[in-house]
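Novice: Hints given; two lone chains; assemble the complex.
Here are the chains, one letter per residue:
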Amino acid sequence: MKIDKDFQEGVAIIRPDEKHIDGYMAVDFKSKLNEIIQNGGEKTVIDLSQLEFIDSSGLGAMVSVLKKAGILGKVKLCGVKDGVKSILELTRLDKVFPIYHSVKEAVASFQE
Amino acid sequence: MTRIIKNPDKVKKAEIVVGIPSYKERDSIGFVVSQIDKGLSQYFGQKESVIINVDNNSPDNTGKVFLQTKTNASKLYISTPPGTRGKGRNIRNLIEAGVELGAKAIVMLDADLKSITPRWIQYLIEPIYMGHDYVIPIYVRHKYDGTITNNITYPLTRILYGRRTRQPIAGDFGFSGKLARAYLTEKTWDENVYEYGIDIWMTTIAIARGFKVCQTFLGAPKSHRTKDPGTSLGPMFFQVVGTVFKLVVDFEYLWKDTSKSFPTNIFGFGLGVKEDPPEVKVDSSNLFKKFISGLKEYRTIWKKIIAPLNLEELLSVQEVSEKKISVPADLWARILFDYIVAFRDKLVPRTKLLNSLIPIYFIRTLGFVNATWDMDIKAAEDFLETECRIMEDEIYYLIAKWNQTPRKDGIPSIIQYLEE
Numbered sequence: 005m006k007i008d009k010d011f012q013e014g015v016a017i018i019r020p021d022e023k024h025i026d027g028y029m030a031v032d033f034k035s036k037l038n039e040i041i042q043n044g045g046e047k048t049v050i051d052l053s054q055l056e057f058i059d060s061s062g063l064g065a066m067v068s069v070l071k072k073a074g075i076l077g078k079v080k081l082c083g084v085k086d087g088v089k090s091i092l093e094l095t096r097l098d099k100v101f102p103i104y105h106s107v108k109e110a111v112a113s114f115q116e
Numbered sequence: 003m004t005r006i007i008k009n010p011d012k013v014k015k016a017e018i019v020v021g022i023p024s025y026k027e028r029d030s031i032g033f034v035v036s037q038i039d040k041g042l043s044q045y046f047g048q049k050e051s052v053i054i055n056v057d058n059n060s061p062d063n064t065g066k067v068f069l070q071t072k073t074n075a076s077k078l079y080i081s082t083p084p085g086t087r088g089k090g091r092n093i094r095n096l097i098e099a100g101v102e103l104g105a106k107a108i109v110m111l112d113a114d115l116k117s118i119t120p121r122w123i124q125y126l127i128e129p130i131y132m133g134h135d136y137v138i139p140i141y142v143r144h145k146y147d148g149t150i151t152n153n154i155t156y157p158l159t160r161i162l163y164g165r166r167t168r169q170p171i172a173g174d175f176g177f178s179g180k181l182a183r184a185y186l187t188e189k190t191w192d193e194n195v196y197e198y199g200i201d202i203w204m205t206t207i208a209i210a211r212g213f214k215v216c217q218t219f220l221g222a223p224k225s226h227r228t229k230d231p232g233t234s235l236g237p238m239f240f241q242v243v244g245t246v247f248k249l250v251v252d253f254e255y256l257w258k259d260t261s262k263s264f265p266t267n268i269f270g271f272g273l274g275v276k277e278d279p280p281e282v283k284v285d286s287s288n289l290f291k292k293f294i295s296g297l298k299e300y301r302t303i304w305k306k307i308i309a310p311l312n313l314e315e316l317l318s319v320q321e322v323s324e325k326k327i328s329v330p331a332d333l334w335a336r337i338l339f340d341y342i343v344a345f346r347d348k349l350v351p352r353t354k355l356l357n358s359l360i361p362i363y364f365i366r367t368l369g370f371v372n373a374t375w376d377m378d379i380k381a382a383e384d385f386l387e388t389e390c391r392i393m394e395d396e397i398y399y400l401i402a403k404w405n406q407t408p409r410k411d412g413i414p415s416i417i418q419y420l421e422e
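If you read the sequences in order, they're chains A and B. Residue numbering for the first sequence follows the working numbering, starting at 5 and increasing by one per position. Residue numbering for the second sequence follows the working numbering, starting at 3 and increasing by one per position.
Next comes chain B alone, as it looks inside the complex (with noise of 0.2 Å):
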């Protein structure tokens, strides 16, 4: 991929890399330069230390911003072509730089991020010198900021791969120069991968791959821009979706022996930050009438992917009142799986499937939502605790459904189930 470089002060090697993947944020990157800069001159001043700005090439000057922005450590502008986007891109071009500049430490950390604070370099970076290859953090949000991680990145995650991440498309990680290595030697880069979907996919392929994970504990809230989870989902939904899906279909030899989750070693004890999470607000309206619509829409092709059994279960959900509904957790799991299976199975074109994936999505952010209503945070944490090994236990139909072979009239046949 054609790159262009600024690189003023003449970088050519570094010992931590700090990227920041950008497009547009010309008026938030300077405070997040400023205090990545105060971390690596108070916790690791004595380490060569770059800060790399991995920008879509914004025309609102966000490079120059960031070029301009005061700092101790030597900076170094990365852009795509004009006219090239996606996160996944930019990303690929910090691992590049990285590995070309022999980093042992990386670190990434999202453009619009206002509640990064020094002590956040430190703890991102301290567990990969202490043996780790890739650190995810865990920071205090609001219950329904992230409603994508709650509802599907995070439980999959646990279910599919056995490990308890709480945070697994959080933005900001930390990784080793070993595992940044090997992300440029996967063969599973794809368009969404180089778009939203890079998230999940750096997690995935840390986890699937046995490097050595773990968590860290930042504390304080992650504070970005939110929105009300029934907004429109833009291509997020899709990109991170069906990247996971994906990733399923890629991994089967290593999600059918997983028989249940374990935690991810944290690191740190938090920093001591009380504060609130900045609120998300919830039209639960919203959510019900796009299930609605949804229905109305897609109920054809959800006959084409859901199993009877699911579909009539969650076809009935919308027998109560919108403030009772409620899409229990075995339910969703099931309807995942068929989603997934029916991924692989190219049953519907995959975009017209995800699309159709996301009115199921709004109702059962709409149950989550009803379900938490009086609860605060730690309530609502134990509540998806509960949720997720709930969801565990339905691993089996994924299974059994991921070895069915349908015949060509639709019924799948014991033999050739067994010459599988």
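For reference, chain A alone in the conformation it holds in the complex (with noise of 0.2 Å):
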């Protein structure tokens, strides 16, 4: 799966460049994940703008993620659409990860 990177004041973007994040990519999307993590993004934000749906298995992948990062709040979204944001608050993980409307606006809020 395809993932792009940049980086803005410090903190990590990553933008899942797919529709769908399942079980058949979830090995893969953690795996990338947690390669960026461990390089530097201590301060992340996952960018979901591109993404339509999202299953248990990569909800599984971004919580694994956000447990290697260690202390809450250091994993934030943004850009997510409805259909995904239904399912994180179906699944109480709109508790869990801070969601933004946009990346400027999550890179934001590391500063306050």
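The hints are simulated quantities; they were obtained by calculation from the structure and are not laboratory data. Where is the CB? At the ideal position from N, CA and C, for every residue including glycine. Wrong hints could be hidden among the right ones.
Claimed, not checked - To be clear about the criterion: a stretch of chain A counts as covered by chain B if any three or more of its residues have a C-beta under 8 Å from a C-beta of chain B, and this derived list gives those stretches: (1) 24-32; (2) 46-54; (3) 58-65.
Stated by the list, open to error - Under the rule of at most 27 Å between Cα atoms (straight-line distance), these lysine-lysine pairs were calculated in the DSS-like manner: (4) LYS71/A - LYS325/B; (5) LYS72/A - LYS325/B; (6) LYS348/B - LYS326/B; (7) LYS305/B - LYS23/A; (8) LYS89/A - LYS262/B; (9) LYS78/A - LYS262/B; (10) LYS262/B - LYS298/B; (11) LYS71/A - LYS326/B; (12) LYS262/B - LYS71/A; (13) LYS40/B - LYS116/B; (14) LYS78/A - LYS108/A; (15) LYS85/A - LYS258/B; (16) LYS6/A - LYS306/B; (17) LYS72/A - LYS326/B; (18) LYS26/B - LYS40/B; (19) LYS71/A - LYS305/B; (20) LYS71/A - LYS258/B; (21) LYS36/A - LYS305/B; (22) LYS306/B - LYS36/A; (23) LYS6/A - LYS305/B; (24) LYS99/A - LYS262/B; (25) LYS89/A - LYS258/B; (26) LYS306/B - LYS23/A; (27) LYS99/A - LYS258/B; (28) LYS49/B - LYS8/B; (29) LYS262/B - LYS72/A.
Specialist: Structure follows, in structure tokens:
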């Protein structure tokens, strides 16, 4: 799976370039996220603006990365579409991952 | 169900009913009956009480030994017809008898108990007179006694129904006449419930239907026949876990709203008995070997049931030496959730599905043994508490997976999801 990486103001921006993240992609998704976190992505924003669907395995990968990142709040989400947001709300992960409208807002929140 | 009844004391009503389910317990039932009788005389002497042996027509004269044991309380023997087995069938007979006799309090106690004292009767019945409907014992157990409880029934009861009841399949329970009547009207009795699934069924129904549940601190260790957790599990694993999974399907509306667990009231402060529970020896190599042979036998089935991410992590646990193996609590929770959803969807026949979980349960047990090897009972309890909290955090995974509607090509559809 393709993941775009970028850095803004010391914050790693991860943008999965996929419409679906499901069980078949979760292994790859998890290892790529881990790689980024371990290579300096202490403050991370996952930009989900391309994503239309994420399943339990994809969520599992994100939660796993969150745990590796250590402290709650170090991994933040942005660009979450309604379908994905409803999954995050249903599973109460919206309480675990801070969600922002845009990359800019998410990056700025690290400076607060 | 046809019943064989022997009622030499012509019992027609009773306020307190104490039942002993049995099958071939000739050598142990006499002691249990004597302790129950002493407890009834000492603490509830003014109440009309009966001791009932609910038996599976034991060919070893269990019933005869029961009826010949001298007691102050009346006795009643009820058996299933010859050839009909199952603890749940005996308990069904006990519940029906309790309701027919108009009991306010019903207690069930295993026939192989060695550590029962008269005070157990007081501690199991008094909470019912104080307004509780279901009383679950807490007793000290060896850290490797009750691995199905520690790894499956206790954490899942916490995660799914939000109640911390440390021994949900204790087998020794007290319950009110009101709850007994409710049990009889339940539609969820099935073949597993009529067998060893009965204990977790009773606990789950009591919690799920909103009855007042408490724990009672018996203090003394439960001393009964124990065995290495790696020895043959027999049908018990299948019946208990099958019942847990079936109830998850039945009570979907409840667990989706459970966000965290709460402690359950504890009655009493223990009985002041400071005994070490009987040691349970574990053959670690055997647990590992059973996982490896399970891997060969069930790999294809695991691929169908377990999500790729979880399967990859599971298969990697064997890459370290046997003494260092660990199945992390979050992974174990997600694997159980994968199994629950596969059980609902009948991805593979349910017998095969449950059998394929056993080797994973063994490797999880090995990980628990490794992690707690140098710990005393208290430290092992603290470790388990931490593990359960980690497992609770994975509930999101079950909810997400439960709501996925697989497309024909196996890829979940967002449109189908949103239409639900």
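Novice: Does each hint fit the structure? Answer for all of them.
Specialist: Okay, the hints, checked on the actual structure:
1. With a threshold of 8 Å between beta carbons, the proposed coverage of the stretch 24-32 of chain A by chain B holds, since 6 of its residues qualify and at least three are required.
2. For the stretch 46-54 of chain A, the assignment as covered by chain B is violated, since 0 residues bring a beta-carbon within under 8 Å of that chain's beta-carbons and 3 are needed.
3. A count of 6 residues in the stretch 58-65 of chain A with a Cβ less than 8 Å from any Cβ of chain B is obtained; the coverage claim is therefore met, three being the minimum.
4. Among the hinted pairs, LYS71/A with LYS325/B is consistent with the structure: their alpha-carbon atoms are about 25 Å apart, no more than 27 Å.
5. This hinted pair checks out: LYS72/A and LYS325/B have alpha carbons roughly 25 Å apart, not beyond 27 Å.
6. Annotation: proposed proximity of LYS348/B to LYS326/B is violated, straight-line Cα distance about 35 Å (limit 27 Å).
7. Pair hint LYS305/B plus LYS23/A holds up; C-alpha atoms about 24 Å apart against a cutoff of 27 Å.
8. Straight-line distance between C-alpha atoms of LYS89/A and LYS262/B comes to about 22 Å, which keeps the hinted pair within the 27 Å bound.
9. Pair hint LYS78/A plus LYS262/B holds up; C-alpha atoms about 23 Å apart against a cutoff of 27 Å.
10. As the CA atoms of LYS262/B and LYS298/B are separated by approximately 37 Å, the hinted pair breaks the 27 Å bound.
11. Between LYS71/A and LYS326/B the CA atoms are separated by roughly 22 Å; this keeps the pair inside 27 Å, and the hint holds.
12. A distance of roughly 19 Å separates the Cα atoms of LYS262/B and LYS71/A; the hinted pair therefore holds under the 27 Å criterion.
13. The straight-line distance between the Cα atoms of LYS40/B and LYS116/B is roughly 15 Å, inside the 27 Å bound, and the hint therefore holds.
14. The suggested pairing of LYS78/A with LYS108/A holds, with an alpha-carbon distance near 16 Å, which does not exceed 27 Å.
15. For a cut-off of 27 Å, the pair hint linking LYS85/A to LYS258/B stands: about 23 Å separates their Cα positions.
16. Using a Cα cut-off of 27 Å, the hinted pair LYS6/A and LYS306/B holds, with the two alpha carbons roughly 26 Å apart.
17. Restraint check for LYS72/A and LYS326/B: satisfied, since their Cα atoms lie roughly 21 Å apart, inside the 27 Å limit.
18. At most 27 Å may separate the alpha-carbon atoms for a hinted pair to count; LYS26/B and LYS40/B meet this at roughly 23 Å.
19. At most 27 Å may separate the alpha-carbon atoms for a hinted pair to count; LYS71/A and LYS305/B meet this at roughly 26 Å.
20. In summary, the hint linking LYS71/A to LYS258/B is supported, as the alpha carbons are separated by about 23 Å, within the 27 Å threshold.
21. Note on LYS36/A and LYS305/B: the hinted pairing holds, with a Cα-Cα distance of about 22 Å set against a maximum of 27 Å.
22. Between LYS306/B and LYS36/A the CA atoms are separated by roughly 25 Å; this keeps the pair inside 27 Å, and the hint holds.
23. Only pairs whose Cα atoms come within 27 Å are accepted, and LYS6/A paired with LYS305/B is accepted, the gap being roughly 25 Å.
24. The suggested pairing of LYS99/A with LYS262/B holds, with an alpha-carbon distance near 13 Å, which does not exceed 27 Å.
25. The suggested pairing of LYS89/A with LYS258/B holds, with an alpha-carbon distance near 17 Å, which does not exceed 27 Å.
26. For a cut-off of 27 Å, the pair hint linking LYS306/B to LYS23/A stands: about 24 Å separates their Cα positions.
27. A distance of roughly 16 Å separates the Cα atoms of LYS99/A and LYS258/B; the hinted pair therefore holds under the 27 Å criterion.
28. For the suggested pair LYS49/B and LYS8/B, the alpha carbons sit about 22 Å apart, so the restraint of at most 27 Å is met.
29. As the CA atoms of LYS262/B and LYS72/A are separated by approximately 22 Å, the hinted pair is consistent with the 27 Å bound.
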